[in-house]
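Colleague: Chain by chain, the residues run as shown.
Number of protein chains: 2
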Amino acid sequence: MTNQTSSLTQVPGFSAVGVTCGLKVSGNPDLALVLADRPCAAAAVFTTNSFKAAPVLYDMALMERSARALRGVVINAGNANAVTGEQGLRDAEQMARSVESACNLPIDTVFVMSTGVIGDPMPMDKVERGIRLARDLIETEAGRQGQDAAKAIMTTDLVPKEAFEQTTIAGHTVSLGGMAKGSGMIHPNMATMLSVIVTDAAIEAALLKEALKQAVSRSFHRLTVDGDTSTNDTVLLLASGQAGHPSIEPKSPEFETFVRALTQLCTRLAKAIARDGEGATKLVEIVVRRAVSEGEAESAAKTIATSPLVKTALFGNDPNWGRVLAALGRSGVLLYPARVSLRLGDFQLLHNGEPVAFDAVAAHDWLTEADEVKLVVDLDVGQAEAAVWTCDYSYKYIEINAEYHT
Amino acid sequence: MTNQTSSLTQVPGFSAVGVTCGLKVSGNPDLALVLADRPCAAAAVFTTNSFKAAPVLYDMALMERSARALRGVVINAGNANAVTGEQGLRDAEQMARSVESACNLPIDTVFVMSTGVIGDPMPMDKVERGIRLARDLIETEAGRQGQDAAKAIMTTDLVPKEAFEQTTIAGHTVSLGGMAKGSGMIHPNMATMLSVIVTDAAIEAALLKEALKQAVSRSFHRLTVDGDTSTNDTVLLLASGQAGHPSIEPKSPEFETFVRALTQLCTRLAKAIARDGEGATKLVEIVVRRAVSEGEAESAAKTIATSPLVKTALFGNDPNWGRVLAALGRSGVLLYPARVSLRLGDFQLLHNGEPVAFDAVAAHDWLTEADEVKLVVDLDVGQAEAAVWTCDYSYKYIEINAEYHT
Chain A
923 MTNQTSSLTQ VPGFSAVGVT CGLKVSGNPD LALVLADRPC AAAAVFTTNS
973 FKAAPVLYDM ALMERSARAL RGVVINAGNA NAVTGEQGLR DAEQMARSVE
1023 SACNLPIDTV FVMSTGVIGD PMPMDKVERG IRLARDLIET EAGRQGQDAA
1073 KAIMTTDLVP KEAFEQTTIA GHTVSLGGMA KGSGMIHPNM ATMLSVIVTD
1123 AAIEAALLKE ALKQAVSRSF HRLTVDGDTS TNDTVLLLAS GQAGHPSIEP
1173 KSPEFETFVR ALTQLCTRLA KAIARDGEGA TKLVEIVVRR AVSEGEAESA
1223 AKTIATSPLV KTALFGNDPN WGRVLAALGR SGVLLYPARV SLRLGDFQLL
1273 HNGEPVAFDA VAAHDWLTEA DEVKLVVDLD VGQAEAAVWT CDYSYKYIEI
1323 NAEYHT
Chain B
923 MTNQTSSLTQ VPGFSAVGVT CGLKVSGNPD LALVLADRPC AAAAVFTTNS
973 FKAAPVLYDM ALMERSARAL RGVVINAGNA NAVTGEQGLR DAEQMARSVE
1023 SACNLPIDTV FVMSTGVIGD PMPMDKVERG IRLARDLIET EAGRQGQDAA
1073 KAIMTTDLVP KEAFEQTTIA GHTVSLGGMA KGSGMIHPNM ATMLSVIVTD
1123 AAIEAALLKE ALKQAVSRSF HRLTVDGDTS TNDTVLLLAS GQAGHPSIEP
1173 KSPEFETFVR ALTQLCTRLA KAIARDGEGA TKLVEIVVRR AVSEGEAESA
1223 AKTIATSPLV KTALFGNDPN WGRVLAALGR SGVLLYPARV SLRLGDFQLL
1273 HNGEPVAFDA VAAHDWLTEA DEVKLVVDLD VGQAEAAVWT CDYSYKYIEI
1323 NAEYHT
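So the protein sequences, as listed, match chains A and B.
Following the working numbering, the numbering of the first sequence begins with 923 at its first residue and continues without gaps.
Following the working numbering, the numbering of the second sequence begins with 923 at its first residue and continues without gaps.
Chain A with its partners taken away, still in its complex shape (with noise of 0.2 Å):
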């Protein structure tokens, strides 16, 4: 995917390249910088985890300063600056300037990603040498084609993540463009994810903010590997306008227009990362529907994404609705007992609280074959709805997070 042209350059007027200056002992790709030719508006949704490593400490404050005429972004794998006290921040910093002088660029115009190993020093002499040959890079053909920059960010991942969508906004062909990393440490709120997505709509830095709240509230945060959110999460949405059509309104049908394409490339990009857990087997959507609200939805379709009892069950083949109950009787959401259908792909498991029989062996093979699986409750209470991905826990998830060692 990556050798073709990446997601994020299909979009008019940006650039991107992975290159690999030694970060992970792999020897992949280990950095990305992605630069757009203009300046651009920028939103950004960031960890809501009380230790947030120096790059998210640094964004946000660039954030405050700078929302409106953002270049680029420049994203490390292999070491997330995290808990590295002031020399960190220095660190951060220092990633930007370096980007910003290397590309002739202004300051405060470079947004900074890291992801990795927490608590060792950010190996600087590395990163400037990978930041050269990113300058030297990106200005080729493989530059206009986003060679390896979805590669560069993965660390645990098996596959790099991209996706693109268009819309048609007064007449305009709009392009959107993403990519995203994350495959444990993976829960709502941000986890270790991190997510770049860049479009050539003509929107306003505040309204951007607005829209990108919107699209991550109903894709990154209904995600969930394993219920940890890390240090380092960080989506950044870059606007640079030149599609050409005027700028959109608050409230505007255009506005809605331009959600509903975000929050689909959102939402394919949390499937990847759903599909792409830890060991995972299968990519799982849990549906909850007819709740009383929207939130006890979310909150009821979240505790049994994060089920361990669940999640093995689904790795196991096993169509065992018991634990399905026990999670959504624990979820706290309004419920009652005697209403709660459940089905699990085509088979009907639970019907207004009764068990219903089913062929279990038909449902352990279909099972078995599925990559994936939908499961849906339905309440009985309400209208609302919503949707979480997650995948199944399997001996790997195991085998990766023992063996990866600080």
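No lab work stands behind these hints, which were simulated from the structure alone.
Hints are supplied without guarantee of correctness; some may be wrong.
Heads up, the list lumps identical chains together, so a pair's fine if it works in one copy or across two of them.
Unchecked claim - Within a straight-line C-alpha distance of at most 35 Å, the following computed DSBU-like cross-link-like pairs (lysine-lysine) qualify:
id	residue 1	residue 2
1	K1318	K1296
2	K1193	K1048
3	K1173	K1193
4	K1318	K1131
5	K1296	K1135
6	K1296	K1048
7	K1131	K1296
8	K946	K1173
9	K1173	K1048
10	K1318	K1173
11	K1318	K946
12	K1135	K1173
13	K1318	K1193
Keeping the supplied structure of chain A fixed, place chain B upon it in accordance with the hints.
Modeller: Okay, now just chain B, sitting in the frame of chain A:
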């Protein structure tokens, strides 16, 4: 352990047995009966899950009617009698009636507990045979020894769990004996955890309830294996009053003494459950110190204790303080990163927010050998403290839960 005298029957006036009636495929004991010589004051704590199993619903109503005159409890493993509709409620009641009738006890004097598979109808013919076997055995030497009672309530447990404490009240020796089961679906607010505790203390039902509530809040409710809470969890406490001291008064020093002994007993049972957590290689105690409140300390400790990333790191014998901080940081408790310190066993990992150089090889070696690990988090923002018990996540946890089919 259960071939010697049970902890329950070390308390004067109680007998107990476990028998085999075919509810478990393994052929191991699967029905336990505990009887008191005289009517007991009773208190119970039940699961908070919205899906309460039939025996839980039966017992909750029973406690409203008859908390001053209980004579015993019947417990089966192999079938949870949960999500079994109206028939399940009739079966739970029938289990109580059968014991009352077989043992010549008044109606509404027997408590019922079940654990095992959810959603299958209770095979009442087997249960009735088990009750007859237990009745025949309990009047013999086996009943005075408590033989096999703690074994009969096991499901995925590897070992039976019992504890015994004595204290002195008004110059009289007071004994407390307990047994418990549980190794998965274990979480605060009761999990597939059953416990029966008996004592010869003299104390009225209302005050006994207060004592149990206090003890459970600092023991069983601070236990988590996998964050799941079951449909059946129940702790029952029976007090016969035959120790001979005057009835314990509210807010008296005797009440404090009794609560202390009861808390100690419950804590020993809770730790035994964590140690026997499905697939566990270690008992993990997480202590959060100097929090602003005991609630916040408990909440922070539980967030760390339920983090799959922390639990897999402990299985991998990796002193991964980054994962501990990431979990702590998302717990939502008041903290300042620069004040947080962490200690794992004798290894100081973090001091006032800064990583401490420690011998990582020695820490790894110690973790590899240890079957009990203590992690201390010092928040330095207040005076409150709480401890939580859990275990690590191993390949075996996945195996047990992926292969224990419905």
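Colleague: Please go over all the hints and tell whether each is borne out by the structure.
Modeller: Structure-based check of all given hints:
no.	hint	in the structure
1	K1318 <-> K1296	both (22 Å within a copy, 27 Å between copies)
2	K1193 <-> K1048	within (33 Å within a copy, 48 Å between copies)
3	K1173 <-> K1193	within (28 Å within a copy, 56 Å between copies)
4	K1318 <-> K1131	neither (38 Å within a copy, 45 Å between copies)
5	K1296 <-> K1135	within (26 Å within a copy, 40 Å between copies)
6	K1296 <-> K1048	neither (44 Å within a copy, 38 Å between copies)
7	K1131 <-> K1296	within (31 Å within a copy, 44 Å between copies)
8	K946 <-> K1173	neither (45 Å within a copy, 62 Å between copies)
9	K1173 <-> K1048	neither (46 Å within a copy, 66 Å between copies)
10	K1318 <-> K1173	neither (46 Å within a copy, 53 Å between copies)
11	K1318 <-> K946	both (21 Å within a copy, 31 Å between copies)
12	K1135 <-> K1173	within (14 Å within a copy, 53 Å between copies)
13	K1318 <-> K1193	both (19 Å within a copy, 28 Å between copies)
Violation of the numbered hints given earlier is confined to hints 4, 6, 8, 9, 10; the remaining hints are satisfied by the structure.
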